[in-house]
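Chemist: Fit chain B to the known structure of chain A by using the hints.
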Amino acid sequence: MSAARPTLDSVTTINADGSRRFLHPADTRGRWTTARRMVAWVLIAIYVLLPWIPIGGFPAVFLDVAERRFHLFGWTIASQELWLLFFFITGLGFTLFFVTALLGRVWCGWACPQTVFLEYVFRTIERAIEGDAPARRRLDVAPWDNAKVLKRVAKHALFVLVSAFITHLLLAYFVSLPRLYAMITSAPTAHWGAFLFVVVASGLLYFNFAWFREQLCIVICPYGRLQSALIDDHSLVVGYDAKRGEPRRGTSGATDTGDCVDCLRCVQVCPTGIDIRQGLQLECLACTACIDACDDVMLRLKKPRGLIRYDSLTNFAGGRTRWIRPRTILYALLLAIGSAVTLAVFSNVKPVAFATMRMPGGAYFVDGDAVRNQLLVRLTNKTNAARRFTLSLVDAPAALQSTGTGESIEVAPMDEGLHTVIVRMPRAAYTGKFRFKIAVRDEAGGYTLEREAEFLGPDPKLLSEDYWREKPAQ
Amino acid sequence: MSSDPAQPQSFEDNLRPHSHDGIHEFDKRLPNWWLLTLYGAIAFAIAYWFVHYESNLVLPDGERVTREMQRIEAEKLTKLVAMLNDDNLWQMSQNPEFVSKGAETYKSTCASCHGNDLRGRDGDAKLVGVNLADTGWIHGGNPTQVFATVKNGVSGPGMPAWGPVLGDTRIAQVVAYVMNQHKRGEEIVAVVSPYAK
Numbered sequence: 001m002s003a004a005r006p007t008l009d010s011v012t013t014i015n016a017d018g019s020r021r022f023l024h025p026a027d028t029r030g031r032w033t034t035a036r037r038m039v040a041w042v043l044i045a046i047y048v049l050l051p052w053i054p055i056g057g058f059p060a061v062f063l064d065v066a067e068r069r070f071h072l073f074g075w076t077i078a079s080q081e082l083w084l085l086f087f088f089i090t091g092l093g094f095t096l097f098f099v100t101a102l103l104g105r106v107w108c109g110w111a112c113p114q115t116v117f118l119e120y121v122f123r124t125i126e127r128a129i130e131g132d133a134p135a136r137r138r139l140d141v142a143p144w145d146n147a148k149v150l151k152r153v154a155k156h157a158l159f160v161l162v163s164a165f166i167t168h169l170l171l172a173y174f175v176s177l178p179r180l181y182a183m184i185t186s187a188p189t190a191h192w193g194a195f196l197f198v199v200v201a202s203g204l205l206y207f208n209f210a211w212f213r214e215q216l217c218i219v220i221c222p223y224g225r226l227q228s229a230l231i232d233d234h235s236l237v238v239g240y241d242a243k244r245g246e247p248r249r250g251t252s253g254a255t256d257t258g259d260c261v262d263c264l265r266c267v268q269v270c271p272t273g274i275d276i277r278q279g280l281q282l283e284c285l286a287c288t289a290c291i292d293a294c295d296d297v298m299l300r301l302k303k304p305r306g307l308i309r310y311d312s313l314t315n316f317a318g319g320r321t322r323w324i325r326p327r328t329i330l331y332a333l334l335l336a337i338g339s340a341v342t343l344a345v346f347s348n349v350k351p352v353a354f355a356t357m358r359m360p361g362g363a364y365f366v367d368g369d370a371v372r373n374q375l376l377v378r379l380t381n382k383t384n385a386a387r388r389f390t391l392s393l394v395d396a397p398a399a400l401q402s403t404g405t406g407e408s409i410e411v412a413p414m415d416e417g418l419h420t421v422i423v424r425m426p427r428a429a430y431t432g433k434f435r436f437k438i439a440v441r442d443e444a445g446g447y448t449l450e451r452e453a454e455f456l457g458p459d460p461k462l463l464s465e466d467y468w469r470e471k472p473a474q
Numbered sequence: 001m002s003s004d005p006a007q008p009q010s011f012e013d014n015l016r017p018h019s020h021d022g023i024h025e026f027d028k029r030l031p032n033w034w035l036l037t038l039y040g041a042i043a044f045a046i047a048y049w050f051v052h053y054e055s056n057l058v059l060p061d062g063e064r065v066t067r068e069m070q071r072i073e074a075e076k077l078t079k080l081v082a083m084l085n086d087d088n089l090w091q092m093s094q095n096p097e098f099v100s101k102g103a104e105t106y107k108s109t110c111a112s113c114h115g116n117d118l119r120g121r122d123g124d125a126k127l128v129g130v131n132l133a134d135t136g137w138i139h140g141g142n143p144t145q146v147f148a149t150v151k152n153g154v155s156g157p158g159m160p161a162w163g164p165v166l167g168d169t170r171i172a173q174v175v176a177y178v179m180n181q182h183k184r185g186e187e188i189v190a191v192v193s194p195y196a197k
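Going line by line, the protein sequences match chains A and B.
For the first sequence, position 154 (counting from the first letter as 1) is numbered 154 according to the numbering used here, and the numbering increases by one without interruption.
For the second sequence, position 4 (counting from the first letter as 1) is numbered 4 according to the numbering used here, and the numbering increases by one without interruption.
Looking at chain B on its own, in the form it has when it is part of the complex:
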């Protein structure tokens, strides 16, 4: 089959020299639009190489990611600093929306230890959390101190660090809900943890 007799003579000039199982290949010109995409891709590759590797027009990818991450972190920190002072947290504790959102989070994540009434083991002996409704505070009773306790946790008795789970905003809401049960300027009594060894 390598020399197909049915093959028109006039095409033999255009045939490539190779043949597989009697299958020949014509040597035809590629469509111009196809060649245009090829040349376009070559031009793009050269331009891309120049812009990304030879010029300083565009930062390397890794650098861009790092900068963007730093920008996001800076923004978060700015927000946190703006949020994190006693004045703000006391103000949040008087805002019904903050308090109701904090109450929702409290109910689902905190109440299992500190009780629905915030009184913890004082209200129900089965519960393990300390009383959040009284004036006694183990790790400080200012809103910022409470915020830090919720965010970072207390390793000994088992208060988890809620920072990575809830995030700053939801923690602030929970603190607003807790502080809503207190009055600004009320007595803060430093007490020792019932779990202290």
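Chain A with its partners taken away, still in its complex shape:
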């Protein structure tokens, strides 16, 4: 592997015959390695702990698909509120645009679950069982003796276990831990859907982390493909200072060589198998491994660090990075607008959904002395506590009588209440159809919601012409 030098013309991890070249990146140490490991452990801790932390009676994050309620840090979103996700997801998109334009692929190198789990869980296990990169490479070509079988079985068994753990925890985000425990302790036949999900997802994770690895980033991940559109020459990338490094040691005919000694450490530590000195490449996850590897060599050579470093292409070419530029301004503006709209819609969400409709049967009824409309009010309590509501009529003529209004209605948590409202207009006061409003007051919340309703009836002339008196009203 160290004999082969990566080229810009082919993908290092795919051989000419289409077979896979399995990489064994060498270990790194240094400030970026340490910082990245700490970030990864914090992220893993967050992932593992969130379902265990109860806030307001529910896990901190509980996306209850079965009940169609989504609990986020004590705040519950009913499925009726899913349209809010539009703002949330576009907000995430704009954030990604903005961060990428400024800082490049920090997501890939520091926070993406693929990187975090691969580098800090699976490769850590691999390193512990099979040894460092040269040892792993030797093991790959070693004959299948007892020691190799033992190592491989142990490694893959642990991989399967960890994959299953990650998947179970993922399921816990959707069904909560008590339900997950109940499912684990009962037969798979009782919950085929969840069981199949866990088996398939664990299998995919195991395949991904045991074998597929960087192929996902290079071939499948769409975010990597977006980079060329989001990054420009002023974005931060991991790059090689060619002005300082070149001509590297060993270049034929060069008299005054640069700082690069062509030790290939940067290539050996690269998890996607590229040579960063060939410039910014699609495969680069900005994982910073080559920075630490090169800094280590530079320190030993008593030369300043930073031959490979976080910097912009402009800076590497001798210019100056412009942080404020049309692209970052535009992305920041989009992000600001998106955040403002999100904040506005999220803070205006009412804990109750309120709808009025005409009761099925007839648009209106005319009885002895009045015209009658029958309405049905549907109140959906979207919160985790019972709420009391009072209905009233607004902007209605004084003569309009109603039953079903005025009394206090209780709607159970997360439940829906139907309530009948009958409005009657004495014939004497009836002058044709009119509009009025039905208001619902949340007794604890102190706010009132209104819905427009229409009072329907016959042409008033029909009522005044003794039309009904011919037949006894009773």
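Honestly, I wouldn't trust all of these hints.
What the hints assert, rightly or not - Mimicking DSS-like on lysine-lysine, the simulated pairs with C-alpha atoms at most 25 Å apart in a straight line are:
# : chain 1 : residue 1 : chain 2 : residue 2
1 : A       : 433       : B       : 126
2 : A       : 437       : B       : 107
3 : B       : 126       : A       : 437
Unchecked claim - Covered stretches of chain A (chain B as the covering partner; in silico rule of three or more C-beta atoms under 8 Å from a C-beta of chain B):
# : segment
4 : 351–363
5 : 420–434
It should be emphasised that the hints constitute simulated quantities derived from the structure, not laboratory data.
Keep in mind the model is a prediction, meaning the values are calculated, not measured.
Don't be surprised by glycine CBs; every beta carbon is placed ideally from N, CA and C.
Modeler: Then chain B, alone, in the frame of chain A:
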């Protein structure tokens, strides 16, 4: 730019003949794992086509949906038949849980016409519903008859059909609540609707 001088000679054999803005395309072998997914997809398509369209192993989708709907309907009907007899409904009317659930539904959907005391217009002249607490019944006073009245409604005076709104179970609970105010075997007097024209 169509013939880039920097292009290494050794690669020219591998170049595809086309060139756009000086951008060439290498003719490289696809990753084997990628080819495997392609062949796998082809095999799956053939197997799927055979199983779903050429063999009788799996019913067509429409047929499966229809059968499942019929099964669900049959199950509902079975439940309804089991529920719908006077004995059962009288028994429900003595079950506190049924009665209290029925009372809740009654209060929210029925009381606006029939009153909280079930006496309707007899108890409060403002109300439009008929008295459900007395022995007079317009559409029959047996529990099954009351159930049918609630479920299907009475179009003339404005009693809505609650079937599609409440469903059989909640209607049975409401009937249980109403019948709880009556005794089995008490007199049933057929009366004429005050709304009859």
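Chemist: Each hint: holds or not?
Modeler: Hints versus structure:
Of the pairs offered as hints, the one joining residue 433 of chain A and residue 126 of chain B holds, with about 21 Å between alpha carbons and a cut-off of 25 Å not exceeded. The straight-line distance between the Cα atoms of residue 437 of chain A and residue 107 of chain B is roughly 23 Å, inside the 25 Å bound, and the hint therefore holds. Between residue 126 of chain B and residue 437 of chain A the alpha-carbon distance is near 21 Å, which keeps this suggested pair within the 25 Å criterion. For the segment 351–363 of chain A, the stated coverage by chain B is satisfied: 4 residues place a CB nearer than 8 Å to a CB of that chain, which reaches the threshold of 3.
Counting residues of the segment 420–434 of chain A whose beta-carbon sits less than 8 Å from any beta-carbon of chain B gives 4, enough to reach three: the coverage restraint holds.
Checked against the numbered hints given earlier, the structure satisfies every one of them.
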